[in-house]
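Those protein sequences? They're chains W and D, same order as listed. To convert, take the position in the first sequence, counting from 1, and add 662; that gives our numbering. To convert, take the position in the second sequence, counting from 1, and add 662; that gives our numbering.
Incorrect hints may have been included.
Identical copies go unnamed one by one, so any copy, or any two together, can satisfy a pair.
Capping the alpha-carbon separation at 27 Å, the derived lysine-lysine pairs in DSS-like fashion look like this [what the hints assert, rightly or not]: (1) LYS678 / LYS837; (2) LYS805 / LYS866; (3) LYS930 / LYS866; (4) LYS777 / LYS759; (5) LYS678 / LYS778; (6) LYS843 / LYS777; (7) LYS866 / LYS678; (8) LYS872 / LYS843.
It should be emphasised that the hints constitute simulated quantities derived from the structure, not laboratory data.
Protein chains: 2
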Amino acid sequence: MRVEILCTGDEILTGKTVNTNYSHISRRLVDVGLGVHWGTTVGDDRESLLLAFRQAGERADAVIVNGGLGPTVDDLSQEVAAQAAGVELVLSDYWMKRMEESYARRGRVMPPNNKKQAMLPANAEFIDNPIGTACGFAVTIGKARFYFTPGVPREMRRMIDEQVIPRLLALGGIKGVSKLKRFHTFGIGESRADQMLGDIEAFKDGGGIKLGFQAHYPQLETKLAVRGEDESDLAARLAPIEAEVRRRLGNFIIAEDHETLEGVILAKLGERGLTLAVAETFTGGNIASRIAPLPGSETIFRKGVISRNGSIGAGDLLKESGASVALSVAVQLDEGPDRPEFGATIDVGVADAAGIVTRRARLLGGRDWVRIGATELGLDCLRRHLLGLPVDERIDFERR
Amino acid sequence: MRVEILCTGDEILTGKTVNTNYSHISRRLVDVGLGVHWGTTVGDDRESLLLAFRQAGERADAVIVNGGLGPTVDDLSQEVAAQAAGVELVLSDYWMKRMEESYARRGRVMPPNNKKQAMLPANAEFIDNPIGTACGFAVTIGKARFYFTPGVPREMRRMIDEQVIPRLLALGGIKGVSKLKRFHTFGIGESRADQMLGDIEAFKDGGGIKLGFQAHYPQLETKLAVRGEDESDLAARLAPIEAEVRRRLGNFIIAEDHETLEGVILAKLGERGLTLAVAETFTGGNIASRIAPLPGSETIFRKGVISRNGSIGAGDLLKESGASVALSVAVQLDEGPDRPEFGATIDVGVADAAGIVTRRARLLGGRDWVRIGATELGLDCLRRHLLGLPVDERIDFERR
């Protein structure tokens, strides 16, 4: 099945807003195994929209349209969709009532221009928006089924998952339920992770589970996409593969699914009733700012210290701060101007009542790259120490 | 003139990479007054590329193609461009020589697959890439002139400005030179800035200077785009308007053009031989991390302290750190869970040998929004104090 994404709006077309709605929709389609074949961006312009709808209707089987469902005059999606489908716009009494009720619940009267949002192409399939006034709908233009979604990211995200993807899977004759299992690692590059996992039978053609990676330095996300008859079938097939991936990626896994490295650290500290202090140099507050602002860190994060010349060791920080764990990350930059091969020596120390563990690593790649890597390395050493794992396992970004 | 942007590559199509190249190119086209009419994204797929080139060649006068000029087999832009233009690929001896010289300078031998990057459609117009091995080129497909650029952002950016935009202006018969003057403000929303500047004659239709805004909370960028016969004509027309904008936006201007707020602060401290210490709470290192990592801050940034419960006042920090200026930003969060109207009270203090100035503000908008706002407010108070400006001017994000 050939699926396209069509994004509308002057803000997106002119680059004022970076098109993260596109990448979100696209990733979700890839996650569920549908893929995406073409992307189009046009402005709030009647002629362009009509041409874009017609050309996509000739190329694709299904088109997801994003944006242009708002109440103002420059929101043209319903109107041009009706024109392209060769039908009139008709008022949806159901959606009018839903909008009025929604305003009434908040003690407000619905502004008259919201009526525009209940005008849908005749015979359009209604697509619910549980959290906004822009409802979605589906119509057929040319040989493709078009699914219209609002531009507001949280409304779009929910509707893509709950409404659009199930319809696309049904349209493509794809049965069952799907799940995406995610592992976040630090210290493994994409090609090595592929080597580490690629020979697992379930990931091979016809094996039933799709393996994918998304690198966002310094972390790598490993994704297992699986489709099954029902939830229990899915869980049964995924469980042994999940365990195998966990075994192979081992200590490099910093978090799974919606977890974050800093969240895992905070949870572990909280669980054991520990408090934390952090001393950093060139990372200049980046380490503290990953942990200190988290909900719940009020009682755990005791102190952060940033200095440029010379750093406080983890041992001294432990005494000075009165925290039960102290993390220090010192960065010794190379001499000379910033350049792609610019590097630094990173010294990490983690101190607690039992003593101090240390880790030294060399990172290359320019000032920003080194700073990002040193921040993650420091946090990861703390995680490893809290979990009783070795802090000195070699990482792929390291030069020795 | 109708200009389109066509982005190629599986990473972009599938959403693995957010398409910031598109928004950059698009903004630059808007900045110089060309605008953009259509965006297309296709993968590394021969059939899609050919169709995309042909359809764009029917719709547009000019098309900027980005990506697909690399040395690997999935880089197809030259090959499909030749096919769409109905010509053969021909080796550019000039570009082969340039690539070989570039490798030789770094003491390396050019890998054989780089030869692919010197294969250009016959009669293509060569477009120089001064910093990479992917040269650009231009060909005509259908009724449009196509300009091919590499996907590597820094190479693309330089080539768009230096090579592609001058060619587009010439193609559109647009004469002269253009300039973009930028002001960065903190504390003014887009609609108020529009009110403050909109009545300036030069910004009205036919006034010769295009006024634009780009909001990236908490900063607002105000852009003046002007085109003139030559540099001196341009400077003469821009100077009085620049001065007027500077007068109207006044103390809210935190930086101009490529400057940043933190850069302005660091420069001012350096100029006056001052050193700095920072104490923060809920901003958790975000303030320090704006200044401490900057080149040159080694001798200026003396110390940063982050605490969650209770904060050090600017006065105490000044004594404790030995710095000549101390900034403290304390955040008292409202009770309850995070929500859109969640707020906080921000207390900023700036201390030096002359005494302490303070500023209190209430910000609303959820935890993240408050954190970002408090970081900027603290830095801006420091800037204002260093420049001898009042630190307590009301900002638009503030509730009293």
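(message) When the structure is checked against the list of hints, which entries are broken? Sort them ascending.
(response) Result: hints 2, 3, 6 break, sorted rising.
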